[in-house]
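Protein chains: 2
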Amino acid sequence: MNYYPDSVINLIKQLAKLPGIGEKTAERLALHILRSSERDAQLLSHTIIELKKKVRFCARCFALSDNEFCRICSDPARDASLLCVVEQPADMVAIEKSGAFCGFYHILGGVLSSMDGIGPDSIRIAELIQNIRAGEVSEVIIATSTSLEGESTASYLGRLLSEFPVKVSRIASGVPMGGDLKYVDQVTLKRALETRHGF
Amino acid sequence: MNYYPDSVINLIKQLAKLPGIGEKTAERLALHILRSSERDAQLLSHTIIELKKKVRFCARCFALSDNEFCRICSDPARDASLLCVVEQPADMVAIEKSGAFCGFYHILGGVLSSMDGIGPDSIRIAELIQNIRAGEVSEVIIATSTSLEGESTASYLGRLLSEFPVKVSRIASGVPMGGDLKYVDQVTLKRALETRHGF
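Residue numbers (my numbering), protein chains in the order written: chain A, 257 to 455; chain B, 257 to 455.
Honestly, the hints are just simulated from the structure, not real lab data.
Since we're looking at a predicted model, the values are computed, not measured.
Only true hints are included.
You can't tell identical chains apart in this list, so a pair holds if it fits in one copy or across any two.
Cross-link-like lysine-lysine pairs, in silico, DSSO-like; alpha carbons within 27 Å at most: (1) K309 with K269; (2) K353 with K273; (3) K308 with K269; (4) K280 with K353.
Go ahead and model the full structure; you've got the sequences and the hints to work with.
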């Protein structure tokens, strides 16, 4: 590391803090930034600061937003009777990309995990209840992941929301589309058989 | 891309310009930067600007440097009679890491390539001659890469420097250490046989 000037080493150290970026990659990136135009480097530097300054949580769904309400929550064309509960902003983006959902979202900001000491008070369950109490929602779709924690969060929410006058559903899990049965793991196949449905 | 607020999209776009970073990785990095502390984001942003502001070429060897002369050129303990000619600053770093060289460097800043229209005037050959004419150097080690262009640059320099009162040598190429002969390509094996040496 001592073979580069300090300003290069400093940038390598900062870049190597990013996930999936080791020292070798950080070195390559730093040398690339050094070769790139003054303007490109300034843009990169500036957008990092802007990101931290501007982005906040949407006051309704807790998605990432530049304004009080995110793009989806400010869209009058969306169906206010459908509410999709997800773990993280990235999950919302994945569902949006599928184009299969036209309602609103609620981002929990995590999942229940007794191992990590994350109970119902640590994620946004109170805000979800408040949202449902407002009365516009008629169906809550629970789209937490199918990990152990995601599943147990889903079943906790299923029990909790059964006391409210809303339909509660869970996204289906099973064999991925285009998947070959012989390569699908046993747990997924078991679930696919258990939750089989008519045509 | 439209599912994130503008400031996130802007950073994703800038990060995706870096080599080896696609849109998916850029998205992951941007979300990581968003989650990281204010201080870390500022440090990253600041070091990028500092890099472009501070780093320049060493006035003697053309390595990257924060000052007029780089660390190596300012080191009085190094052997001024040895000069190692490399293509890029990263090659110098690789040789330094090997710990096998205690002289000075000369960085060409590229290789001759008729395909890309890079002739002797486009890389730092005049500066190399000037350095040799100064009279301190007694051996020039040509350590350009073993690519087609690196090899032809090496043989061009070999011919050119034969007119000067210095010894000119080329780093050896052959079977990598720890390498298994049956996995070594034919060109490398041929070279290893041709340049065989006594014990």
